[in-house]
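Asks: What follows is each chain in one-letter form.
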Amino acid sequence: MSELIVGPFNRVEGDLEVRLDIADGRVREARANSPLYRGFEVMMQGKDPRDALTITPRICGICSISQSAAAAFALADAAGAEMVPMGAQVAALLHAAENAGDHLTHFNLFFMPDFARDGYAGRDWHARAVERFTAGAGSAVRRSVEARAELFHIVGTLGGKWPHTLAIQPGGVTRTPTASEKVRMRATLRGFRRYLEEVMFGAPLEDFAALESVEALLRWNTGDAGLFFEIAADLGLAEMGRGSGRYLSFGAYPLAGGRAMAQGVFDGSVAPLDTARITEDVSHAWMIGDTAHPEEGRTMPDEDMTDPAYSWCKAPRYGGAAFETGALARQVVDGHPLARALVDGGVLARVAGRLLELARLQTMMEHWVDTLDTDARFMVPVTIPREGRGVGLVEAARGALGHWVRIEGGVIANYQIVAPTTWNFSPRDAGGVPGPLEAALVGAPLSEGEQTPLSVQHIVRSFDPCMVCTVH
Amino acid sequence: MADIETFYDVMRRQGITRRSFMKYCSLTAAALGLGPSFVPKIAHAMETKPRTPVIWVHGLECTCCSESFIRSAHPLAKDVVLSMISLDYDDTLMAAAGHAAEAALEDTIQKYKGNYILAVEGNPPLNEDGMFCITGGKPFVEKLKYAAKDAKAIISWGACASYGCVQAAKPNPTQATPVHKVITDKPIIKVPGCPPIAEVMTGVITYMLTFDRLPELDRQGRPAMFYGQRIHDKCYRRPHFDAGQFVEAWDDENARKGYCLYKMGCKGPTTYNACSTVRWNEGTSFPIQSGHGCIGCSEDGFWDQGTFYDRVTDLTQFGVEANADKVGFAAAGVVGAGVAAHAAISALKAAQNKAQSRNEEV
Chain A
1 MSELIVGPFN RVEGDLEVRL DIADGRVREA RANSPLYRGF EVMMQGKDPR
51 DALTITPRIC GICSISQSAA AAFALADAAG AEMVPMGAQV AALLHAAENA
101 GDHLTHFNLF FMPDFARDGY AGRDWHARAV ERFTAGAGSA VRRSVEARAE
151 LFHIVGTLGG KWPHTLAIQP GGVTRTPTAS EKVRMRATLR GFRRYLEEVM
201 FGAPLEDFAA LESVEALLRW NTGDAGLFFE IAADLGLAEM GRGSGRYLSF
251 GAYPLAGGRA MAQGVFDGSV APLDTARITE DVSHAWMIGD TAHPEEGRTM
301 PDEDMTDPAY SWCKAPRYGG AAFETGALAR QVVDGHPLAR ALVDGGVLAR
351 VAGRLLELAR LQTMMEHWVD TLDTDARFMV PVTIPREGRG VGLVEAARGA
401 LGHWVRIEGG VIANYQIVAP TTWNFSPRDA GGVPGPLEAA LVGAPLSEGE
451 QTPLSVQHIV RSFDPCMVCT VH
Chain B
1 MADIETFYDV MRRQGITRRS FMKYCSLTAA ALGLGPSFVP KIAHAMETKP
51 RTPVIWVHGL ECTCCSESFI RSAHPLAKDV VLSMISLDYD DTLMAAAGHA
101 AEAALEDTIQ KYKGNYILAV EGNPPLNEDG MFCITGGKPF VEKLKYAAKD
151 AKAIISWGAC ASYGCVQAAK PNPTQATPVH KVITDKPIIK VPGCPPIAEV
201 MTGVITYMLT FDRLPELDRQ GRPAMFYGQR IHDKCYRRPH FDAGQFVEAW
251 DDENARKGYC LYKMGCKGPT TYNACSTVRW NEGTSFPIQS GHGCIGCSED
301 GFWDQGTFYD RVTDLTQFGV EANADKVGFA AAGVVGAGVA AHAAISALKA
351 AQNKAQSRNE EV
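Residue numbers (UniProt numbering), protein chains in the order written: chain A, 1 to 472; chain B, 1 to 362.
Any given hint could be a false lead.
[Said to hold, decoys possible] To list a few chain A residues with every Cβ distance to chain B over 12 Å, as calculated:
hint: 1; residue: Gly7
hint: 2; residue: Gly46
hint: 3; residue: Asp48
hint: 4; residue: Ile59
hint: 5; residue: Glu215
hint: 6; residue: Gly251
hint: 7; residue: Leu273
hint: 8; residue: Asp274
hint: 9; residue: Tyr318
hint: 10; residue: Gly320
[As the list claims (entries may be wrong)] No farther apart than 16 Å at their CA atoms in a straight line, the calculated lysine to aspartate or glutamate pairs in the EDC-like style are these:
hint: 11; chain 1: B; residue 1: Lys111; chain 2: B; residue 2: Glu47
hint: 12; chain 1: B; residue 1: Lys263; chain 2: B; residue 2: Asp242
hint: 13; chain 1: B; residue 1: Lys263; chain 2: B; residue 2: Glu253
hint: 14; chain 1: B; residue 1: Lys170; chain 2: B; residue 2: Asp300
hint: 15; chain 1: B; residue 1: Lys170; chain 2: A; residue 2: Glu198
hint: 16; chain 1: B; residue 1: Lys111; chain 2: B; residue 2: Glu5
hint: 17; chain 1: B; residue 1: Lys257; chain 2: A; residue 2: Asp375
hint: 18; chain 1: B; residue 1: Lys23; chain 2: B; residue 2: Glu47
hint: 19; chain 1: B; residue 1: Lys170; chain 2: A; residue 2: Asp48
[Said to hold, decoys possible] Simulated restraints on C-beta separations:
hint: 20; chain 1: A; residue 1: Arg340; chain 2: B; residue 2: Gly33; range: 41 to 49 Å
hint: 21; chain 1: A; residue 1: Thr371; chain 2: B; residue 2: Glu253; range: 20 to 28 Å
hint: 22; chain 1: A; residue 1: Glu131; chain 2: B; residue 2: Gln110; range: 25 to 33 Å
hint: 23; chain 1: B; residue 1: Pro40; chain 2: A; residue 2: Glu239; range: 38 to 46 Å
hint: 24; chain 1: B; residue 1: Gly137; chain 2: A; residue 2: Gly443; range: 24 to 32 Å
hint: 25; chain 1: B; residue 1: Ala30; chain 2: A; residue 2: Asp118; range: 55 to 63 Å
These aren't lab readings, by the way, just hints derived from the structure by calculation. Glycine included, C-beta positions come from ideal geometry on N, C-alpha and C.
Modelling step: build the complete structure from the supplied sequences, incorporating the hints.
Replies: Written out as structure tokens, the structure reads:
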């Protein structure tokens, strides 16, 4: 048996190190270390609660709208208020554009370049992967960066600036779009659809969203998605990095009539989410304290970094069990037939879940732009109470994001954030149960002499980790 | 340095046409505020100068600077700038991983010793011997110092590298420290903002690569061409400020009329940046245009100036002509920065000369 430390990882957001115990050419045990800690929760104490809207987006420059939306919903909850319907719709539009952009970036810039590596030379598809996805230079890479920049005109129009958009507030959004902006956004979305249909999927999006079985998925042979499925079939990515089959989704895009994608937990079947069952375990994190519900949670780093802890990341659990979160989880909980067919998880399932969501998001965004009522109110004033508690639950691209705030004497007394990758890349808990990534890595095959095993890279990146959100 | 390609070689290799190249040169000249006579100079420089290697490292940060950068509307930036600087080493975007990535960093440093630009995103935390940010098993501060040692100049991207930004907000749990407090013997150019505007980033880097020197800096070490004016000075809502017409509450009648956001806490009057002229997301908009006040993210210590929704009370500057330098004279702690900026340019030159003579020796 030997030990291998893989890291630092690039093409993931932030810093990550994975320690592997290896026996008989396979990973026997894995430990994920999030080596970056900044202390957001500590610096928010004593601040004006409204400043959470500005501070929390800085946790992450990739999913800043997710953070700002979670903060806005947490403050609204503390005030017993709700966003006005059109405000919620614009917030959903801003958030969906960010999430779609994230999925695009993950596929083109972070995940696919691994198949252009020399290690795969000689495979039928290798030359095409090199041409399309070589890091920084592939033709697909450049085209996707361009498509995303164009899509983000919508975020510019509605949010003023991206990253770190300020427009989302507890009562709605600061921006009232005009009729002409609506027309422009429609044109932007038409352009994005064209990109998706010509480049990513090579066919109408509705056809992809209508897929129902893994067999049909693997037969999809057009666009860059088709190239991925060809590679996935050749390398057996369906079996690689399988998960627990337990999925958690807070439900994406809260609108006046409910969430656009369902909220719930899946463990064989869907059950309603009960946030009281969420805890954060710190037994293997360099943190002082006990297992606690996020409302009572503290963030006190253990500066001695004592064993057996090995990460700055806490271990969130639902009903004591580890749950996977992300696009696949969202689609499984939402009940999409293809996602249910992929419920065993794995590299193929996670990436396919993201592509499926990308296809569905386009239709949703088009609908939200079409139904914008520019004469309606987009924000109502919300007075933040001097004493109160609130929770904001949203779905970032990478999965379930929750903010828990406690306000005392008009300032923040406690603020706890549980991010998607905190769930997915959590260390072990007090019972020794590994986090979802750690479990998924067990059994990953290694070739002779591999220092940064390709299988490990694929599995890690299939989660699209965001390490800066993880610990914050 | 014969083994290093010119910018133009690199661009040609990326399939960029001559026509696009010339367009890029003229738009670059315009973006940098230079006249048409500079276009052939830029073109000539790019055809003959060896490409300047860039090493891009990440400390405590959120990658918003990279995110902003790759969304630039700078002419053909997706192709030209990315291929031009080539990011010989970049934690986030590069192909190699793990040990291979560390080796790539080492290779780049050795190959271009004294001749590369180090772009720093984020900052090092110094508490607990730097253990709050570890890459490759070592504190980031060590990687930063190591990479800085042989750099000819350093760009501090964003508020994190320039001032410490959010992780340095009170009580600064990790003792996050801006780059210039750790590296004191290299020319450093600060490009603050959270994040900086993409066009400002590409503009700065293009200027440095093309002219081989730092752009003119203000007293705080920021490029004057982008940070010379307050957002307030060029804000399209400025007439409403002058007329005393203000938004009093979110989404009120005045908000719909586009009145001034000063009473909603806008920090435009005390913030030096190009948001109101260059704008964001390919020139689409900027925060004030979205109906939210400016939070002053390109100013030092903006996190700890009280809540973002309280109005600025120490507003004394009303002249459009006031610039960061004039205000800077009144502020403590920046005296001598102008001299330092000048010295920085000389140091950059000296560093180059040294690099060249070393290369000749080899």
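Asks: Compare the structure with each hint and give your call.
Replies: Cross-check of the supplied hints:
1. With a least CB separation of 6 Å from chain B, Gly7/A falls inside the 12 Å interface cut-off, contrary to its annotation.
2. The Cβ of Gly46/A sits about 8 Å from the closest Cβ of chain B, inside the 12 Å cut-off, so the non-interface label is violated.
3. Interface exclusion of Asp48/A from chain B breaks down, the closest Cβ pair being 4 Å apart, not more than 12 Å.
4. The claim that Ile59/A lies off the interface is violated: its Cβ sits roughly 6 Å from the closest Cβ of chain B, which falls inside the 12 Å cut-off.
5. A cut-off of 12 Å between C-beta atoms confirms that Glu215/A is not in contact with chain B; the least separation is 33 Å.
6. Against the 12 Å criterion, Gly251/A stays outside the reach of chain B, whose nearest CB is about 25 Å from its own CB.
7. The claim that Leu273/A is not at the interface with chain B holds, since no C-beta of that chain comes within 12 Å of its own (minimum 28 Å).
8. Consistency note on Asp274/A: stated as away from chain B, and its beta-carbon is indeed over 12 Å from all of that chain's, at 31 Å minimum.
9. Residue placement check: Tyr318/A keeps its beta carbon more than 12 Å from all beta carbons of chain B (closest about 27 Å).
10. Remark: the non-interface label on Gly320/A is consistent with the geometry, its nearest Cβ contact in chain B lying 30 Å away (cut-off 12 Å).
11. Between Lys111/B and Glu47/B, the direct Cα distance comes to roughly 22 Å. Violation of the 16 Å bound is thereby established for this hinted pair.
12. Proximity of Lys263/B to Asp242/B is assessed by CA-CA distance (about 13 Å); at most 16 Å being required, the pair is judged to hold.
13. Restraint check for Lys263/B and Glu253/B: satisfied, since their Cα atoms lie roughly 15 Å apart, inside the 16 Å limit.
14. Of the pairs offered as hints, the one joining Lys170/B and Asp300/B holds, with about 13 Å between alpha carbons and a cut-off of 16 Å not exceeded.
15. Distance check on the hinted pair: Lys170/B and Glu198/A sit about 49 Å apart at the alpha-carbon level, beyond 16 Å; violated.
16. In summary, the hint linking Lys111/B to Glu5/B is supported, as the alpha carbons are separated by about 13 Å, within the 16 Å threshold.
17. Taken as a hint, the Lys257/B and Asp375/A pair is honoured in the structure, with Cα atoms around 13 Å apart against an allowance of 16 Å.
18. In summary, the hint linking Lys23/B to Glu47/B is supported, as the alpha carbons are separated by about 14 Å, within the 16 Å threshold.
19. The suggested pairing of Lys170/B with Asp48/A holds, with an alpha-carbon distance near 13 Å, which does not exceed 16 Å.
20. Roughly 58 Å separates the CB atoms of Arg340/A and Gly33/B, a value that falls outside the hinted 41 to 49 Å.
21. In this structure the hint that Thr371/A and Glu253/B lie 20 to 28 Å apart at CB holds, the actual value being about 25 Å.
22. The given range of 25 to 33 Å is respected by Glu131/A and Gln110/B, whose C-beta atoms sit roughly 31 Å from each other.
23. About 60 Å separates the C-beta atoms of Pro40/B and Glu239/A, a value inconsistent with the hinted range of 38 to 46 Å.
24. Between Gly137/B and Gly443/A the C-beta distance comes to about 26 Å, which sits within the given range of 24 to 32 Å.
25. At roughly 42 Å, the beta-carbon separation of Ala30/B and Asp118/A lies outside the given 55 to 63 Å, and the hint is violated.
Of the numbered hints given earlier, the model fails hints 1, 2, 3, 4, 11, 15, 20, 23 and 25; all others are met.
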